[in-house]
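Let the hints inform the model, and build the full structure from the sequences given.
Protein chains in written order, with this note's numbering: chain Z, 3 to 239; chain S, 3 to 239; chain A, 3 to 239; chain H, 3 to 239; chain B, 3 to 239; chain D, 3 to 239.
Hints are supplied without guarantee of correctness; some may be wrong.
What the hints assert, rightly or not - Mimicking DSS-like on lysine-lysine, the simulated pairs with C-alpha atoms at most 25 angstroms apart in a straight line are:
#1 58/H - 86/Z
#2 86/H - 86/D
#3 86/D - 86/A
#4 86/D - 58/H
#5 86/Z - 86/S
#6 86/D - 86/S
#7 86/B - 86/D
Claimed, not checked - Taking beta-carbon pairs under 10 angstroms as the criterion, some of the chain S residues facing chain A (in silico):
#8 13
#9 19
#10 21
#11 23
#12 27
#13 76
#14 77
#15 85
#16 127
By construction, these hints were calculated from the structure, which means they are not laboratory data. In this text, all values refer to a predicted model and were calculated from it rather than measured experimentally. C-beta atoms are modelled at their ideal positions from N, C-alpha and C, and glycine is treated no differently.
There are 6 protein chains.
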Amino acid sequence: MTEPLRADGRSSDQLRDIKITRNWLDHPAGSVLVEFGRTRVLCCASASEGVPRWRKGSGLGWVTAEYAMLPAATNTRNDRESVKGRIGGRTHEISRLIGRSLRAIIDDKALGENTIQIDCDVLQADGGTRTAAITGAYVALADAVRFLGVPQALTGSVAAVSVGIIDGIPRLDLPYEEDVRAETDMNIVMTGAGSFVEVQGTAEGAPFNRAELDALLALGEKGCADLTALQKAALDG
Amino acid sequence: MTEPLRADGRSSDQLRDIKITRNWLDHPAGSVLVEFGRTRVLCCASASEGVPRWRKGSGLGWVTAEYAMLPAATNTRNDRESVKGRIGGRTHEISRLIGRSLRAIIDDKALGENTIQIDCDVLQADGGTRTAAITGAYVALADAVRFLGVPQALTGSVAAVSVGIIDGIPRLDLPYEEDVRAETDMNIVMTGAGSFVEVQGTAEGAPFNRAELDALLALGEKGCADLTALQKAALDG
Amino acid sequence: MTEPLRADGRSSDQLRDIKITRNWLDHPAGSVLVEFGRTRVLCCASASEGVPRWRKGSGLGWVTAEYAMLPAATNTRNDRESVKGRIGGRTHEISRLIGRSLRAIIDDKALGENTIQIDCDVLQADGGTRTAAITGAYVALADAVRFLGVPQALTGSVAAVSVGIIDGIPRLDLPYEEDVRAETDMNIVMTGAGSFVEVQGTAEGAPFNRAELDALLALGEKGCADLTALQKAALDG
Amino acid sequence: MTEPLRADGRSSDQLRDIKITRNWLDHPAGSVLVEFGRTRVLCCASASEGVPRWRKGSGLGWVTAEYAMLPAATNTRNDRESVKGRIGGRTHEISRLIGRSLRAIIDDKALGENTIQIDCDVLQADGGTRTAAITGAYVALADAVRFLGVPQALTGSVAAVSVGIIDGIPRLDLPYEEDVRAETDMNIVMTGAGSFVEVQGTAEGAPFNRAELDALLALGEKGCADLTALQKAALDG
Amino acid sequence: MTEPLRADGRSSDQLRDIKITRNWLDHPAGSVLVEFGRTRVLCCASASEGVPRWRKGSGLGWVTAEYAMLPAATNTRNDRESVKGRIGGRTHEISRLIGRSLRAIIDDKALGENTIQIDCDVLQADGGTRTAAITGAYVALADAVRFLGVPQALTGSVAAVSVGIIDGIPRLDLPYEEDVRAETDMNIVMTGAGSFVEVQGTAEGAPFNRAELDALLALGEKGCADLTALQKAALDG
Amino acid sequence: MTEPLRADGRSSDQLRDIKITRNWLDHPAGSVLVEFGRTRVLCCASASEGVPRWRKGSGLGWVTAEYAMLPAATNTRNDRESVKGRIGGRTHEISRLIGRSLRAIIDDKALGENTIQIDCDVLQADGGTRTAAITGAYVALADAVRFLGVPQALTGSVAAVSVGIIDGIPRLDLPYEEDVRAETDMNIVMTGAGSFVEVQGTAEGAPFNRAELDALLALGEKGCADLTALQKAALDG
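This is the structure we're talking about:
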């Protein structure tokens, strides 16, 4: 029996069209436009000498990240957080996730007392913005450490993908229309070497059992491996 | 070969001393002091008729949660978020996690147009405050639905526990001193029926492989089952 | 003619049941749970070396206080000030009152360049939370100066009580149900030696005359003397 | 033995030069410039039909007050609270005091569903700004109730004065140079009929005994009576 | 005598390369990427039925605008206003300018009770971001009124350009390196019909005389006419 | 043909009654009450040694300005920005304009490392508050540089006036009732020597043509010259 085709014609374990465009802007040390289908995220890595005051004299570098969404990125316009005067919980959560994921493959000592500030701004949202952001931010980060002359500060690569169960079927890389229908939604962040950095699974509808969890993990491993290859190609290009 | 004892004498798959005290306060519909060893969280469930404006007329109820920490709860005093004028990312993240976890076992329709506001305030922190909060909040929530006369609004129970890898050994229910040393840290939220509601694993040090992930999941399943039994005893008591 | 009994059976000049429990938490230098009937306030004194920048090099110490109320402490849940993003006038006012009251019996010079941060968090409110807070905070402060090895920094003790006129009768230590009915409401802060630190009287209904003011002051003197004895017993215990 | 003269030549129970100028602005229903010596406060009463939402349909009016200080009002410039983005505790405290004091002589029912917003802005500060504000605000309020055609909404008048003990001597109406040296500082708000509305005494240095408190209350009664006469003259003028 | 060439080879009255790309995003009614040389601004027009509460029932529409800059848009990274928790004066000023400029060519009545929210987000900044924003926003607005089916709500077109005096020579459309050296800096907003909507001139260095002002106005008229032609071409394309 | 008289009987190129009162307060180095008809603005210049951190060691001084409006200054009470917790765009815009205007006639080097903080607080608003503020602030600034002993820090004087087109007729110095009816509104800031510092023209109704712009500029030149004479008289007085 064949499983039903997805609305966009992909098989269950297939990524959307992925594009990674480096040097998209002129100013920052790394700037990458990453596209997962219609999801488009601008990932910039601004490098500067020195570290925040609390880290001075440690000999260690610092990588941090901020995530945000442009007002017109979504189906219905979303209000600016600068106008609201406060950052929402979702934004905080994703910013922290991106920062942790990148720091997992950074050698603070090799980076030296330099700071790399990652900015991931969603230009258009169609599901999977946080995983696209991590995947693109890694490439921008790689450009930034080269710019700083410390490529050895990278101990590996990192990529991320969303997986979920829709109508009982585990699927890879969910666009918005699948994401809202998913019973379970999971974001998986892995190194290029195939280890896990973050696993975040949430039952949106019914709780999920161990077999479903295992199926989602397998899909995520597949998707991250594919993304790792695409990142490598972009950086070698 | 026997594995090394933990500092507090527990075996690797053993919970700390757990205490669940109901009706700890006089005013709210449910109020539970939950203790995981030295971690003490006050979980209150305030019930009120009516729902927020955006949900009016839907026939559905609403459960939401806020988490916070008293200034003197930690080793070194932490500043009040009310004084800082903004809520930090960690607080946001945990509040959202607690809310999602509880909504997973609530039947909004059976709840009717009532609101239950959960408040989890950490009186003393020694690791695992978010998992203790979820575990205690479930009991407060159960008291609140009884108070509202709609016990059928609960579709099950929910409990949570932290697991982690310390010195290469997977361990259950980490106190602060183990938490800071953990290479991998995972929070697992499960229903009493043994399904997963949330799985959040983070590599604090080196990334983790699939075998380690499986070991942690098994420990979490064991811990949540033990907590479910304790919740049941508390509610039957 | 005998005056009418109070709802809780007390005579007009009688305190509610007062409990003062020291070392209620593990981390801070002083931590006291104080209970005035159903009013429960957790008073912590966190001690640290050094003083704020503007006081450095002065040789003087610094004592400051913050007051807050848990959301579920009141009859009807009160919103968190951290969520609202601003501290209300009442909270500011009480924090300042507690700080001034404690500084009245502190010898800044004997304290040396140390800071003691007082946190008074109301766990349950039934009238008189600010006076309970001052009374309990003094005991926590006493533990903190001992912890710092400078018991001589205390020049005396301080306690506080509310008094008010209900149905024309002056009464001591008002619970919530009396407080809302009081025509005049007064908070009195006194040293153990019997001098006044603060006197704050407000006509909630009709203005009050000098005779009524004198009666309230006398009640307050009696109540503070009783509280002083209880504080002494707690600290000697 | 005669007591030492004050720096400005006044006797201990003498007010500073008091000026009350009505209709100082063109727009608001009442606008009064009140001067206590060099202290100058602009007190405006803006009247509008209707009441805040929570009071609608009650048939009752609403009087509220805000106090603020211009940046250049003080010896050394003070930062704007609008620029800081938050209102300080002192400002909150005084705004609430002014509002309570005025509401003590307002008959909400006679006022009908009208709102009077009082604004007290300190143009120049030389001690006693809050008592000058209350004294001037009453006159602006009286003009506003006349403007609204409900003069019967006033059940009396209200005035306020500061008293304090300097070098052991109780004194009336303290300018800044006395205020900073005062051992005890008290603000007294009284009705024109001679009853107390608020009594707020604070030991700035040593605690004060009952005899000192009595002396301060007597001075306050004298000062408020004098101010009442000046308010009456201004309103009759 | 010939005047010195500009660093980018343009003559004094020549615009930079201008590109106007419509439908740059999928969701909003109008979305335009406008480029003035290296300056790139994303201008979106989100259309929705209904107007803000204060305008309901008026039969009139509402157009409003917000301007912001991505962190990595500038030479040196600029901090996010959402993180700072407040919008800066410059941002406010430009948002208001864009809104006023667009409302000058909108017939509120013909628009009907619809709202068009303009968002101008600077992706890359190299001088003239506010004039590029106005020029691009007009095109997005034109797409949005077509989308709403009320093209007649546009009473004309609007474009904007910067002019300035550098080394004594008036120049059109300043890039950043000219902008920082300009003695006088002026932004001119004009309708397609050749009338002025806004004129904002500022002496950055020495004040300017009337002859210089006249020269700048002439340059601005020329630049706006050129931009009007480019807007027309884009909309006809 | 004679043009119609204005409501207040002035000719089109005539200023309102202008009053400039120096030393209106006791504390700041310069304090000026400036009146343009019924518009009254208190302009204070607070001088202090030292400059903000980012300017230390430069040998240069710093002049900055803040503008605000008292709540009762306007026809209908306007809410306090300190209470709203944020400064509005209009306030920001005017504060920046005043600061730029004054810095145009300050020699930072001659000022030395001193700071002058300008505060312009509108006591009563009847149109033209920003131009009155600039005109008065210059006089306060002149007093402040004398106070600091560096009168040579002034390289000239600065004044400002509003002009506008009402019913097709260009007019000088608009009161509120003309301002709201103006088709075009322009603020002009000029030095005493007759050069322009700022020109800000806005089409409130129909866009304006070049001839109208020229007429407004001529009126503004006339008005600023008159104001310069009045400033000089005030400073010489």
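Looking at the structure, which of the earlier hints fail to hold? 1, 8, 9, 10 and 11
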